[in-house]
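Chains as they are written, first to last, in the numbering used here: chain A, 1 to 211; chain B, 212 to 435.
Read the hints as simulated data drawn from the structure, not as lab findings. Just to be clear, a hint being listed does not mean it is correct.
To be verified - Keeping only pairs whose Cα atoms sit at most 25 Å apart, straight-line, the calculated DSS-like set for lysine-lysine is:
id : chain 1 : residue 1 : chain 2 : residue 2
1  : B       : Lys312    : A       : Lys93
2  : A       : Lys83     : A       : Lys93
3  : A       : Lys33     : B       : Lys285
4  : A       : Lys36     : B       : Lys347
5  : B       : Lys243    : B       : Lys285
6  : B       : Lys366    : B       : Lys235
7  : B       : Lys366    : B       : Lys243
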Amino acid sequence: MGFAIADAFMGGTPDYAGQAQASENARQAQIRKGTKQVNQAFAGFNPQFYNQRRQAYIDYAMPQLSDQFTQTRNQIGFGLANKGLTQSGTSGKQWSDLFRQEGVAKQNIADTATSQSQALQQQVANSQANLINQLYTTADPASAQQSAIQTAAGFQAPSTFAPLVNQFSGLLNQYYISQLLNQKPATSAAAPDYTSYGSQFAPLPQPSSSY
Amino acid sequence: MSYAGAATNIVGGELSGWANVLAKQNMFDTYKRELAQQQQFRDQGAGLFQGFLGQAGPGAAATEMSQGRQAREKSYQDVAATPLSTFTPPTEQSTSSARDKAAVNMRGQERATLGAYSDWQLRQVLNNIQNQEALKQLTSFAGGQAGVFPLQMYKAQHSEDTLAQIGAAISSIGGGAANYAQFSQSPQFSQPQQQSFAPITYNPNTYQGDIPSGAVLNPYLSYA
C-alpha cells in the first residue's frame, strides 16, 4: 500500500513517450525551418539569373568573334585581290564559305553559352541539395542558413572565361585556297606569264645539266 | 476476517486483471496508430514517386525537348541578328547569301534538335535532385517517428499502473486480514485418536488355543 502512495507522490511513471514525441516534433520543425531558409537563400537562382549568365558569355565571346571574322575577311579579301580573283567564281565560293562559317560560329557561341548556363544550374542544385542534407544530421537551421548564404554568394561571383578559339582557322587552312594562291602569280604591270608555275616568292630551281 | 480477506483479494485481483486488460488494449491502440501513421508516410512517398514517374515519361520528355529546341533556335536567331562588322565592301559579299542563310538555318534547326536532348537530360537531373530531397525528408520524418514508437508502447504498457497498484494494495489488505484472522484464532485442532488399551476378554467360543477361559489378553500380542 505504501508503494502506491509513494509512487503517487513521486508523480507516477515519467512520460518518456511524450518527451520523445516533443523532441521529434521539434526536430522536424527545425528541418522544415532550415529547408525554408536554404530555399530562400537560393531563391535568386531563377531562370532570369541563368539567362543573364548565358548572355554574359555571348557578350564576352561576340567581340572576339568579330575580331576573328574581320581578320579572316581581310585576309581572304587581300588574297583574292592580290590574285585578281575578286570577280570570280572562286571569290563567290570563298565569301560563301566565310559567311556560312560566320553563322556556324555564332551558333557555337550560343550553344557554349547555353552549356555553361546549364552547368551552373546543375552545380547550384547540387549545392542546395547538399546543404539541405546537412539538416538531417544537424537539425541546425542557423548553420544551414549561413552555409547557404556563403554558397550562394560564391555562385553569383563572376567566373573567368577562356578566350574564344579561332572559329575561322579551318577556313583559312583549306587546301584548295592554298593551292590556288600558289598556282596563280601576283598581278603586275608586265604581261602575265601563263607558262610558269610556282610561287613568285619561291623561284623555281635552276635546271640541272646532269640527270 | 477470513471472509473479508477473501473478498478484498477478489476485488484486488479483479482490479489488477482489469488493469492488465486495459493496458493491453492501450498497447494495441498505440500500435494501430503507429501503423496508420507509417501508412500515411508510405502513401506520401508513393504519391511523390508517381509524380516523379510522370516527369520521367516519354510525354514529358517530348515536351521538354520541344521547349529546349525552341529556346535554342531563338538563341541562334538572336545571335545571328548581331552583325560582326559595321561595314562590308560590295566586293566582299557572298553571291549566294540567301542560300548561305538557308544552309545556316537548316543546320541550326538540326543542331537545336540534337541539343534538346541535353536540355531534357538536364531537366531530368534537376528533377531527380528535387525528388531525392523530398524522399529524404519523408524518410527522415518517418524514421524519427518510428523511433518514438517503443516509448509509446512502454507508455501504453504502463498506462494502467495506478489501477493495478490499487488492485495490488487491496489484495495486500485482504492478505493481511487473512493473516490476522489466521493468527488471532484459538487453536482449533481435533483430539488425536487414541488406541484402545481396554483389555480383551477371552471368549472361549472364538479362541483357539490353551489360554484359560476369562483371562485378559493383550491385544498387541498374538496368541496363535
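Status of each hint after checking the structure:
no., hint, verdict
1, B:Lys312 <-> A:Lys93, "14 Å, holds"
2, A:Lys83 <-> A:Lys93, "15 Å, holds"
3, A:Lys33 <-> B:Lys285, "40 Å, violated"
4, A:Lys36 <-> B:Lys347, "15 Å, holds"
5, B:Lys243 <-> B:Lys285, "58 Å, violated"
6, B:Lys366 <-> B:Lys235, "11 Å, holds"
7, B:Lys366 <-> B:Lys243, "15 Å, holds"
When held up to the earlier numbered hints, the structure conflicts with 3 and 5 and fits the remainder.
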